[in-house]
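Colleague: Could you build all of it, start to finish, from the sequences and the hints given here?
Number of protein chains: 2
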Amino acid sequence: MERHFDEELETLYKDILKMGVMAQEAIFKSIEALKNRDKHGAQEVINTDSKIDNLELLIDEKCIDLIARHQPMAKDLRFITTGMKINAELERIADLAVDISQRVLELVDKPILKPLIDIPKLSVIAQNMVHDAIDAFVKKDVDLAKKVVLSDSEADKLRDLVQDELINDYMAKDPSTAPRAVALLLIARHLERICDHTTNIAEDVIYMVQGKVIKHHLEKLD
Amino acid sequence: MERHFDEELETLYKDILKMGVMAQEAIFKSIEALKNRDKHGAQEVINTDSKIDNLELLIDEKCIDLIARHQPMAKDLRFITTGMKINAELERIADLAVDISQRVLELVDKPILKPLIDIPKLSVIAQNMVHDAIDAFVKKDVDLAKKVVLSDSEADKLRDLVQDELINDYMAKDPSTAPRAVALLLIARHLERICDHTTNIAEDVIYMVQGKVIKHHLEKLD
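Sequences listed follow chains L and Z, in order.
At position 15 of the first sequence (counting the first as 1) the number is 15 in my numbering, and the numbers step up by one without a gap.
At position 189 of the second sequence (counting the first as 1) the number is 411 in my numbering, and the numbers step up by one without a gap.
Just so you know, these hints were derived from the structure itself, not from any lab.
Don't be surprised by glycine CBs; every beta carbon is placed ideally from N, CA and C.
Possibly wrong hints are sitting among the right ones.
[Unchecked claim] Just a few of them, taken from the derived set where beta-carbon distance is under 10 Å, the chain L residues facing chain Z:
hint: 1; residue: 88
hint: 2; residue: 111
hint: 3; residue: 115
hint: 4; residue: 173
hint: 5; residue: 196
hint: 6; residue: 200
Modeller: Now the structure itself:
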């Protein structure tokens with residue numbers, strides 16, 4: 001019985017890892033589609049989302065089932081409920097990659113507005129944050145999780161930079177750029193929201209390991 | 223022991239209700255602040271958010287503690303894990319009211335761009351959806367929860383309407399309106415995202431009562 005439970009926990013672990021990889025891929029592919037003006041690539045991200053949705057439901061069911069059948073005590077219970085939260089965050093991250101892809105579909109038939117520099121940078125930050133947050137979960141690595149939390153302010157700054165440039169240098173100078181500039185501005189915001197969800201994951205990992213609430217209390221990090 | 227557990231469940235119930243009321247109030251006050259160009263009101267929504275964050279943490283702890291101490295079976299366990307999810311959604315809804323309030327602070331010192339019609343409408347839809355979703359949870363009312371899910375498309379349409387108007391009638395005609403138009407556009411998007419989170423709550427309620435997955439499968443609603 002005990003061994004069986006450990007095996008089921010291990011499977012849960014792997015499922016969440018898989019979910020993380022799928023979410024990361026969705027971000028990567030949506031920004032590749034943006035860079036390459038690739039309608040097909042953007043559509044693929046949108047189509048793949050149902051697989052991620054199904055995996056989310058599967059993981060959620062497994063968690064509740066595990067709790068109901070094994071009635072785990074404190075440490076394991078905390079691991080499983082953290083898994084449920086991470087699972088939900090990853091599903092939302094994938095949803096935001098879909099949002100990005102929808103903006104790409106709006107942009108792809110219109111002339112290029114500007115060379116993309118900061119948005120791909122923001123995308124790399126987002127992907128690294130997702131990678132590190134999941135890694136921190138797997139390794140129960142609090143330091144890595146804290147690093148993820150601190151990266152979020154970098155993402156905030158980059159989003160503000162993109163937004164200010166698009167408003168002041170494009171929309172405000174040439175009104176015909178407005179629809180394209182708004183689409184790019186929203187992509188930057190979608191990416192930054194991915195970073196927010198990833199920060200939630202990192203905070204959940206810290207709480208799982210340390211039982212210390214840093215959620216909503218960033219100042220207590222150090 | 224059994225009676226004690228029921229009492230604790232009842233308290234959990236009331237805490238989630240309270241969280242719902244606080245989230246609704248935050249939406250209402252943020253849009254009132256927008257309508258009345260009320261810097262103080264917007265700041266109040268931002269300041270109150272830490273109370274909502276603390277309540278979220280408290281509810282989350284209570285849920286895990288309830289599971290750990292009482293090891294509830296299927297039905298009660300499902301109720302508690304649903305409570306955890308609803309709790310997280312409500313915290314995010316309150317966060318979005320903070321986002322709206324930040325946009326209000328950006329707008330408040332600038333000239334009025336346009337009379338507000340559709341954004342207050344969208345806000346009423348959002349508040350009603352939150353109210354009905356929590357009511358559906360309290361009463362375990364699947365029909366009401368389904369109504370909430372179906373309202374979301376109305377919110378989507380209204381957001382698109384606001385966005386198209388701001389881009390085509392303001393930004394594209396008069397570039398000097400861009401910063402204000404972007405702020406209003408984001409407010410419409412924040413409100414629509416509140417409706418998305420509320421839809422998640424309604425879907426969770428349906429699943430809790432019926433054990434039927436409609437999440438990600440809207441077509442199966444009827």
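Colleague: Is the interface hint satisfied for residue 196/L? The criterion is a beta-carbon contact with chain Z at less than 10 Å.
Modeller: holds, 9 Å
Colleague: So, residue 115/L near chain Z? Judge it on the closest CB pair being under 10 Å.
Modeller: Since chain Z brings no Cβ nearer than about 21 Å to residue 115/L, farther than 10 Å, the hint is violated.
Colleague: Classify the hint on residue 173/L as holds or violated, based on whether any CB of chain Z lies nearer than 10 Å to its CB.
Modeller: holds, 6 Å
Colleague: Does residue 200/L pass the interface hint, meaning its C-beta sits closer than 10 Å to a C-beta of chain Z?
Modeller: holds, 9 Å
Colleague: Does residue 88/L hold up as a contact with chain Z if the rule is Cβ-Cβ below 10 Å?
Modeller: holds, 7 Å
Colleague: Does the CB of residue 111/L sit less than 10 Å away from some CB of chain Z?
Modeller: Hint violated; residue 111/L Cβ to chain Z Cβ min 15 Å, cut 10 Å.
Checked against the numbered hints given earlier, this structure breaks hints 2 and 3; the rest are met.
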